[in-house]
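Colleague: Quick note, in the UniProt record's numbering, the first sequence goes up one by one and the last residue is 383.
It is possible that part of the hints are untrue.
Label pairs and their computed distance ranges (CB to CB) [what the hints assert, rightly or not]:
id : residue 1 : residue 2 : range
1  : THR377    : ARG178    : 25 to 31 Å
2  : GLU221    : ARG178    : 51 to 57 Å
3  : ASN130    : ASN223    : 48 to 54 Å
4  : LEU213    : PRO156    : 26 to 32 Å
5  : ARG178    : GLY367    : 24 to 30 Å
6  : LYS228    : ASN121    : 34 to 40 Å
7  : SER141    : LYS330    : 43 to 49 Å
Computed list of lysine-lysine pairs in DSS-like fashion (alpha-carbon distance at most 30 Å, straight line) [unchecked claim]:
id : residue 1 : residue 2
8  : LYS30     : LYS131
9  : LYS157    : LYS118
10 : LYS66     : LYS30
11 : LYS202    : LYS237
12 : LYS339    : LYS379
13 : LYS66     : LYS146
14 : LYS131    : LYS61
15 : LYS66     : LYS228
16 : LYS157    : LYS202
17 : LYS131    : LYS118
18 : LYS30     : LYS146
19 : LYS330    : LYS341
20 : LYS30     : LYS118
21 : LYS146    : LYS131
22 : LYS146    : LYS237
23 : LYS202    : LYS228
24 : LYS66     : LYS157
25 : LYS202    : LYS131
26 : LYS330    : LYS379
27 : LYS118    : LYS61
28 : LYS202    : LYS118
29 : LYS61     : LYS30
30 : LYS228    : LYS157
31 : LYS131    : LYS228
32 : LYS237    : LYS157
33 : LYS61     : LYS146
34 : LYS330    : LYS66
35 : LYS131    : LYS157
36 : LYS379    : LYS341
Keep in mind the hints are simulated off the structure, nothing from the lab.
All C-beta atoms in this analysis are idealised placements derived from N, C-alpha and C, irrespective of residue type, glycine included.
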Amino acid sequence: MMSNGLDSGVVGQQNGSSGNSVGGGQEESKTNLIVNYLPQTMTQEEIRSLFSSIGEVESCKLIRDKVTAGGTVGWPNSINSPEKMDSEVPGVMTSPLLTGQSLGYGFVNYHRPEDAEKAINTLNGLRLQNKTIKVSFARPSSEAIKGANLYVSGLPKNMTQQDLETLFSPFGRIITSRILCDNITVRQFVSGAGENLPGLSKGVGFIRFDQRLEAERAIQELNGTIPKGSTEPITVKFANNPSNNNKSIPPLAAYLTPQATRRFAGPIHHPTGRFRYSPLAGDLLANSMLPGNAMNGSGWCIFVYNLAPETEENVLWQLFGPFGAVQSVKVIRDLQTNKCKGFGFVTMTNYDEAVVAIQSLNGYTLGNRVLQVSFKTNKSKTT
DNA sequence: CGACGGGACGC
DNA sequence: CGACGGGACGC
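Kindly generate the complete structure, drawing on both the sequences and the hints.
Modeller: Structure, rendered in structure tokens:
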């Protein structure tokens, strides 16, 4: 129950008749939902499609990272050409295609309240890829609910998420709670193991309150106090702002092997699945299954044509990196002039991500050139 | 319009 | 010792 990673109690509380005594007394929407823990690769249209299975969707919005220099789009530079800056790639930073990675949450607004409630009942807790999504009513956006996330450390190792909520609940409505523990992947992927082999608590956790004022009061009342049955005081403070962290730049060692790369790019996908209904994907698959083609055993090789003569590897990293795990890039150059011969190759680990990259980047205008992107064929001058 | 590399003997 | 989730309120 708790150990499945879903947050407790939130849905019922928000939909209940409990007086929303805090804040400005805004009436909460009965049609607008917030969807959290979406898989990284899920698009707004895929979300809309999923939620349309419940009822007529009035609007749907996936929140994406606002593109900032040095953000996730440019991360692969650090392995290949650290000296290259994003600004050397005309069009990339401003293209709608690449304006920001999914932040993993979004909003779905239904026409009818009963559909919204049905969506919560049927889609909350749904497992998508490596995630378990959370569907709950959205709160009215306001300044008062921002910055209400607390970081708690010094927790006794035997304290459960339930215990943590009990400790903090006197100070306000808890939106989420979490205790960090080791081997979290084991808990997510091995059925039953979550119950039998809970990860060891790291003694730190998070509490998100509905209102910032509630969080402030919890800090005042609980910081430095010793929980019942423990011997050391806990520290309670505001959590770091996730937009300021640098988790999007994993350690260099992560790139050394394909196995390590996968850990930062989601689960391993199979060539069927969520794209099987796409006629385009079907064509791409058929093509790539010809002998000696894109799949070389450790990734999917993609042919990129119409690159400018001065193109360097970082351009390919920036173009393809946002779509998933990129194993390698190569700009093919003339041996005499050292200028790009107009094409290059990109090897991606996961088929699904390669398909999305091809569909997204084929026809994309880079500078004043329209790129052609496809799985590599076995054409060669020497055969 | 054009158009698919280069490295590479371990299991 | 410190430790910052599975980027939670419209990027």
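Colleague: Tell me, which hint numbers fail for this structure?
Modeller: 1, 2, 3, 5, 9, 15, 24, 28 and 31
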